[in-house]
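Line by line, the protein sequences give chains A and B. My numbering numbers the first residue of the first sequence as 299 and each following residue consecutively. My numbering numbers the first residue of the second sequence as 1130 and each following residue consecutively.
Worth flagging that the hints you see were computed from the coordinates, not collected in a lab. A hint or two may mislead.
To be verified - Okay, derived cross-link-like pairs now, EDC-like style, lysine to aspartate or glutamate, Cα gap no bigger than 20 Å in a straight line:
no., chain 1, residue 1, chain 2, residue 2
1, A, 347, B, 1193
2, A, 332, B, 1501
3, A, 460, A, 393
4, A, 342, B, 1166
5, A, 347, A, 358
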Amino acid sequence: MADELLPRHEEFGLAKADQSKAPITDHSSASFPKQLLGFWVTFKTMFKKVNTVQYPEVKEPTAERFHGRHQLNRHPDGLEKCIGCELCAWACPADAIYVEGADNKEGEQFSPGERYGKVYQINYLRCIFCGLCIEACPTRALTMTNEYELADSTRGKLIFEKDDLLGPLRAGMVPPPHPMYPNTDDGNYYRGEVTGSHPSQGVAKDD
Amino acid sequence: MTNAQLISQDPGWIIALKGLIIFAACVFLTIMSVWGERRIVARMQQRSGPNRVGKFGLLQALVDGVKLALKEDLIPKAADRIVFVIAPIISTTACFMAFAVIPMTGPVNFFGQQTAMQLTDLSVGVLYVLAIASVGVYGIVLAGWSSGSTYPLLGGLRSSAQVISYEVAMGLSLVAVFIYAGSMSTSEIVAAQDQWWYAVVLFPSFVIYAISMVGETNRAPFDLAEAEGELVGGFHTEYSSLKFALFFLSEYVNIIAVSALATTLFLGGYRALPGLGFTEQWLGGWFTLVWFFVKVLAFFFVFVWLRGTLPRLRYDQFMKFGWKVLIPFSLVWILVVATLRVMSQQNAPQALIFAFVFTVALLYLAVTSLIDRQKTKISEAAKIIDTTQPSFPVPAIPTSRAEQLNG
Chain A
299 MADELLPRHE EFGLAKADQS KAPITDHSSA SFPKQLLGFW VTFKTMFKKV NTVQYPEVKE
359 PTAERFHGRH QLNRHPDGLE KCIGCELCAW ACPADAIYVE GADNKEGEQF SPGERYGKVY
419 QINYLRCIFC GLCIEACPTR ALTMTNEYEL ADSTRGKLIF EKDDLLGPLR AGMVPPPHPM
479 YPNTDDGNYY RGEVTGSHPS QGVAKDD
Chain B
1130 MTNAQLISQD PGWIIALKGL IIFAACVFLT IMSVWGERRI VARMQQRSGP NRVGKFGLLQ
1190 ALVDGVKLAL KEDLIPKAAD RIVFVIAPII STTACFMAFA VIPMTGPVNF FGQQTAMQLT
1250 DLSVGVLYVL AIASVGVYGI VLAGWSSGST YPLLGGLRSS AQVISYEVAM GLSLVAVFIY
1310 AGSMSTSEIV AAQDQWWYAV VLFPSFVIYA ISMVGETNRA PFDLAEAEGE LVGGFHTEYS
1370 SLKFALFFLS EYVNIIAVSA LATTLFLGGY RALPGLGFTE QWLGGWFTLV WFFVKVLAFF
1430 FVFVWLRGTL PRLRYDQFMK FGWKVLIPFS LVWILVVATL RVMSQQNAPQ ALIFAFVFTV
1490 ALLYLAVTSL IDRQKTKISE AAKIIDTTQP SFPVPAIPTS RAEQLNG
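The shape of chain A in the complex, shown without the other chains:
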C-alpha cells in the first residue's frame, strides 16, 4: 500500500524524505551544522520546477468523478428523464434543490410516464456538491458534470433553472414536448429499449 503512494512524491517533484539527513529529529547543540542543512534545502528548491498551474490560461483536467455542476439528462429520443419525484430535493442536506412536478398531458409530454419536473432549480450558493441527490435519483436523471467554474456576480445568477441544467440535445433527439415512442410504455424507456426517436415524434436534430 505504502509503495503505491510513493510516486506522488515524484509527481510533485519533491525529494523522498531522507531520514539520515533530516535535521529535525536531533535537537542537541551538536547538530547545529545539521540544522544549517535547512538553508541548502530552500536554496536547492529554488531551481526545481515550479508546481503552480497558471490557472485561467492552463486548465488541468479534474479527477474523473469530480463533483461539478449538475446536469438533467434525457432519454435517447429527447424526452427528459426527470419525473419530478423530488427525491433529490429531499436528499439534499443543504436544501439547495427545489422541484415542482406536474402531470404529462396529451400533446404535452415531457417525460415518459405520468409526471415530469415542471420547475427544477438548484441554488449553487447552498449546494455543497456532496452528490446525495445523484444517489437519490431513481431514473439517473440527475448526474454531475466535471464543470467547476461556477462563480458569478449576483445571487440570482447562481440559482440555476431547468433550462440551465438540462443536458444538450444530441443527434437523433427531438426537443420535448412530444409523444412517447410508438407502442412503448415508460418501462421500455427505463429498460433502455428505446434507442432513438421515431419520425412520428417530430423532427429529430441532425448530427
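Once you've looked at the hints, dock chain B against the given chain A.
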C-alpha cells in the same frame, strides 16, 4: 583626494540632486525588492510568485502601492490622532536619512563636477547611522502606543525592546571595525579595506552584525513584532492606506539601509571584488555603483533566504540570545581585537602575539566545555527526578484489570 574632500567641494545643486537621487533610488529599490522577495520566497516554496502585472510581475509592488493609496484611511476612535499620524512619518524619515553617509561610488564625474556619490561624509558617519536607527524606533513605539489598541501596543513594545537590545550588539560589533579602520567615517572605513575586507579580518564581528541587523530590522526569523499568529500585524495593526504604506516602505528601506551599512563596513563598500580591481575604472568610475548594489542585493537575498528557511523564534529565547550570547561574546571579542591592535601598533614580538591568541583560544575552549558540562549536568539532573512518588496524595495505581474496571 579623499572622498570627504571631494564632497566638501560640492555646490548646492549637486547636493540637492544627490539627495533626490538617493530618495528615488531607495523608493525604486523598495518596490523592486518587494517584488524580488515575493518571487524568491515563492521559488523556495516551488511556487512562481507574482507574475501577472507586467513582465514577470515586475509592476506588482507598484500596483499594490496604488491600491494602498486608494484605500480608506482609518483613524481609530481611541487613537491619539496627532501621534498616530506622526509615527509613520518618523519611521520613514529616519530610515531614509541613514543613506546620507553611505558611499556608493568612488570619485566620479557628475555633470562635469568631480565628486563621489555620497551625500555627506561625517567624521562620525557610522554613529550617525546608529543614532538615526534609534530615532526610527520612536516611530514604532509611538505607532503602537497611539493606536489605542492592545495588539499594536504589545507589538510596539516587543519591537522596541528588540530593536534596542540588538542595537547594543550591533554597536559593539562595529567597535572592532572602528579600532581597525581608525575612523568612524564611512568613506575612510571603505578606504581602509583596500587590502582585506573586514568580513574576513573581523569575521566574528561580521557574524554578530549580520545577526543583529536581522533583529534590528524586525525581519524573519526575528519578526516577533508582527508575529501574525500572536499579534495580528503588531504595531501597524490599526494602520491603513498610505500610513500603512509608509511603514511598509520604511521596513524595506531599513533592510536596504542595514545591508548598505554592512556592505560599507565589512564587504569593502563600492570596491570591486578581490582580483577585479581594474573594473573600478570602467565608465569613469561609475562601475563601482554596480559593485555596491551587487553587494547590497546579496545581503538582501540573505534576508529573503532567512525568511524562506527559518521559523520565528520564541520571544524569551530571542531576548536571551541577544543579551546573554551576542553581547557578552562581542564584549570579549572587542577586548581581544583591541589587545591585538595595541600589540601590533607597539611592534610587539610575533611570539607574544601568538601566545596571546593561543591563550585566548584555550580560554574559549575551557569556558565552552565548562558550559557544556553544566548543561549536561542540568539535563541529567532533570532525568533523575523521581516521578513515581509525587509529594501530594494520589489514588493508588490499579494493578489488576478487575481493579481498573471496578474502580
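Checking each numbered hint in turn, tell me which of them this model violates, lowest number first.
Violated hint (a single one): 1; every other hint is consistent with the structure.
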